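Trainee: Spelled out, the chains give:
2 protein chains.
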Amino acid sequence: MKYRVVLVEPKYEGNVGSVARAMKNFGFTDLVLINPPELGDLSKAMASHATDILDNCKIARSWEEATATSDLIVGATGIAGTTNDEHVRMPFYTPAELKEKLNKRGGVISLVFGREDIGLSNEELKKCDMIVNIPTSEEYPVMNLSHAAAVILYELSDAPRGKIKLAKHDDIERLYEHWRSVLEQINYPKHKRDKTLLMLRRILGRAMLTGREVQTLRGILRKTEWRIRK
Amino acid sequence: MKYRVVLVEPKYEGNVGSVARAMKNFGFTDLVLINPPELGDLSKAMASHATDILDNCKIARSWEEATATSDLIVGATGIAGTTNDEHVRMPFYTPAELKEKLNKRGGVISLVFGREDIGLSNEELKKCDMIVNIPTSEEYPVMNLSHAAAVILYELSDAPRGKIKLAKHDDIERLYEHWRSVLEQINYPKHKRDKTLLMLRRILGRAMLTGREVQTLRGILRKTEWRIRK
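Line by line, the protein sequences give chains U and L.
Counting the first sequence from 1 gives a position; the numbering used here is that position plus 1.
Counting the second sequence from 1 gives a position; the numbering used here is that position plus 1.
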């Protein structure tokens, strides 16, 4: 699966640069511009370390030229259809739903974004195979072009999702045993111990401890025990 | 639960305006700025229809003043910790994980974003209760400030997720029965009918039809039948 970002008649070069930056942030490289403005210093400034994407972008004179080798065209619209009768804009997908739908698909997928002011025309939306719409507040649904691109590329990105390495279950259990032993040593009321240990379990369960954190907590308990014995 | 967006020493007024726009797009209103630049025409232009958020923003002289009434402080960093030993930046959450963690929580939550160039300092990160990091490409992990805000606010937003109203199961079944009947009428090879109907079921199942689409497809079948009978 290969993504291509297509901007239809962007007006402001700064937005083109901002989109290039968001693309590089999320690991995308192919940018196609239909009738763009001249790309000068501002586009480079906004692209920051993504000027290579600007340098390598393709300029197309028409929708057909821009999407020529696409297997699937996804159009982004800020105005979602409200009834199932509006085939132009319905059904539409949220970025998360789009990711799910495109999962495991092969081929070239064009993600098409419209003009800053009027977006994609109905004629252009009709040429799209799928429509994506970012859920926004009803009060102000029109997003900045590069923000919309950033949100959609964020969802579609394959950037490794940082996984927090949690402590091993056994280590956490040993922490609770250790804590029970400390409660005994500090003469914590016997009839309250189980309840208090359960509360500790609930608190630390919510906190989702890392292995390192478990070891540090046990270190505190050990130091406590040593101090008691002295 | 109430969110507050805190920008620590933003350098460019345009970014402040862009963040305000993203806030309004996703239904957030409270903006606090620590030592901001002067907010002039550019910030208003970038805020577009969200100038009310700029007009109502609070200016704070220090971190403590900005986060004074917060129950929880979440710091955004573009540089995630890589080992569990780095307590300053670990453990960190992705925006989606953050949403899950904050789900059902009450109180005031400050979402703190750092400077455009150096982000939040280690001292500032230490004052945060939780750290959020957007998964990005290793090649270029540093996002534009307002893009980072847009992505995180997108995840935390309560904007109603557009749900596609799918066709009722019974209506879809009637569509397949109708299709079977048409296959008979067009003398489609008998031994292939089941297999072809299953293929149709798979294709249309993937397409997740709306009720309206099912009715239109049945209309096509009806017209086909009428034409055959004539």
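Treat the hints with care, as some may be off.
30 Å max Cα-Cα, derived DSSO-like pairs, lysine-lysine [as the list claims (entries may be wrong)]: (1) U:K127 - L:K169; (2) L:K45 - U:K102; (3) U:K102 - L:K127; (4) L:K100 - U:K169; (5) U:K100 - L:K105; (6) L:K100 - U:K128; (7) L:K196 - U:K169; (8) U:K102 - L:K12; (9) L:K100 - U:K45; (10) U:K45 - L:K12; (11) U:K100 - L:K45; (12) U:K105 - L:K169; (13) U:K193 - L:K59; (14) U:K105 - L:K127; (15) L:K45 - U:K169; (16) L:K196 - U:K12; (17) U:K100 - L:K127; (18) L:K196 - U:K105; (19) U:K102 - L:K102; (20) L:K127 - U:K12; (21) L:K102 - U:K169; (22) L:K128 - U:K100; (23) L:K127 - U:K224; (24) U:K105 - L:K105; (25) L:K12 - U:K224; (26) U:K196 - U:K169.
In case anyone wonders, no lab produced these hints; they're calculated from the structure.
In this text the structure is predicted, and so the values were computed from the model without any measurement.
Trainee: So which of those numbered hints doesn't the model satisfy?
Mentor: 2, 3, 6, 7, 8, 9, 11, 13, 14, 15, 16, 17, 20, 22, 24, 25
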